[in-house]
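Q: Residue-level listing of the chains:
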Amino acid sequence: MGASMKDIKGRIKSVESTMQITKAMELVSSSKLRKAKERAENARPFFNILYETISDLSSELDGTETIYTAKPGKLPTLYIVIAGDRGLAGGYNANVYRLLSEQPDYKGAKVIAIGRKAVEKYAHNPDIEMIGEYPGLAENLKMPLVTEITNTALRLFKERKVGRVKLIFTQFVTALTQRATLLDILPLSQIKEKRTYSQAMNYEPGPGAVFASIIPQYVTGMIYGAVTESYASEQGARRTAMESATGNAEEMIKNLSLSYNRARQAAITQELTEIVSGANAAQ
Amino acid sequence: MNTFKLQIVAPDKIVYDGEATFLLVRTTMGDIGVQARHQKLISPLVIGKMKVEFADRDPRFAAIAGGFVKVGDNKVTVVTTACEWEDEIDLKRAEAAAEHARQMREHSSSKQEMDRAEVKLKRALNRINVAKH
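Chains as they are written, first to last, in my numbering: chain A, 1 to 283; chain B, 284 to 416.
Do not take every clue at face value.
Said to hold, decoys possible - Simulated coverage check for chain A against chain B, where a stretch passes if three residues somewhere in it have a Cβ under 8 Å from a Cβ of chain B: (1) 48 to 58; (2) 77 to 91; (3) 217 to 229.
No wet-lab data here; the hints were simulated from the structure.
Quick caveat: nothing in here was measured; it's all calculated off a predicted structure.
The beta-carbon is built from N, C-alpha and C at its ideal position, and this holds for glycine as well.
Whenever a hint applies, use it, and build me the whole structure from the sequences.
A: Here it is as structure tokens:
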């Protein structure tokens, strides 16, 4: 029984040290979450209005104004995938991977990976072609890098190397709920039925110049917003995961302490029985 | 005077969301003024001054650093990369930024760096200009 007591004590110690780690990670992501959430919430109106404005605009196009409405045909899709830089965040990274692998045009797709985990996942994947790798972008979000991603995506689209550009990121719903989301960026989708407008859109100076200036801003804004959303989601997911890990560790320690006390009690009882029966035998 | 709905957004905040009677922005083709029931329009913006007039208070000026404006259905949206109202501009900081950009331009080694410094300088000068009014 003594050996078992020692075993249990060892296990309690190991669970305790794990709990210390998960607890510390929980605290770290709590404080990071607060900042990230604020940043994501500040960026959200811009993100939404930008998307609405462009959707609104594209619904009024008849398809002749710009190459950005070009039909995708059989060209591959470019996915801009945003995952975390670290693991231990519950299903955060896995949900992003799953969403991408569920896409019908996954095989043969081109990928720009943002976040170390996305880079690791897709760097040696034979199904897809890696176009760009941006590990560690979210934590230190720099405009020039986002612009670089935009330029790469737009170049591929303009050269007709890809027919569609889509964004996979994690939407920050609440600190407890995050949703992996797919967003169509290009081509600009047109309305099916022909709506009649009282007046035509006026492009100043002209459609070509307007789109050449607006589309890069649009794509950059979308990527920027998606990265801030994803980063907040990552922190939220990690905090939740670590919170439940800490809870589980506490539960385990409780159960182990119970077994430990039981084992100790049993050992004492046995010792007593031995002493008593020894004394009886000596009489 | 008739009003229209005006939304001005920057990546980090909503700058303005409400009614206005007049908007003046600098597009790539020059300054344009927008009043209620303006024709549908979309145009890129350059670094410059923006003026907004309201029905019930004094007009306000702002420094904006590019973006685009969309006018449609009595609703105007200004999407900008950065926007500061004249009273929010920190003149000292803007002057320091201009000085920094000037130095960057002097010491730039590539055309890219030079261009970036040039844009920074233009933004800083625009802010100073708007703040001094």
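Q: Are the hints correct? Go through all of them and say.
A: How the hints compare with the structure:
Counting residues of the segment 48 to 58 of chain A whose C-beta sits closer than 8 Å to any C-beta of chain B gives 5, which meets the bar of three, so the coverage hint holds. Beta-carbon proximity to chain B at under 8 Å applies to 0 residues in the segment 77 to 91 of chain A; the threshold of 3 is not reached and the given coverage is violated. Counting residues of the segment 217 to 229 of chain A whose CB lies closer than 8 Å to any CB of chain B gives 4, so the stated coverage by that chain holds, three being the minimum.
Hint compliance for this structure: hint 2 is the single one not met.
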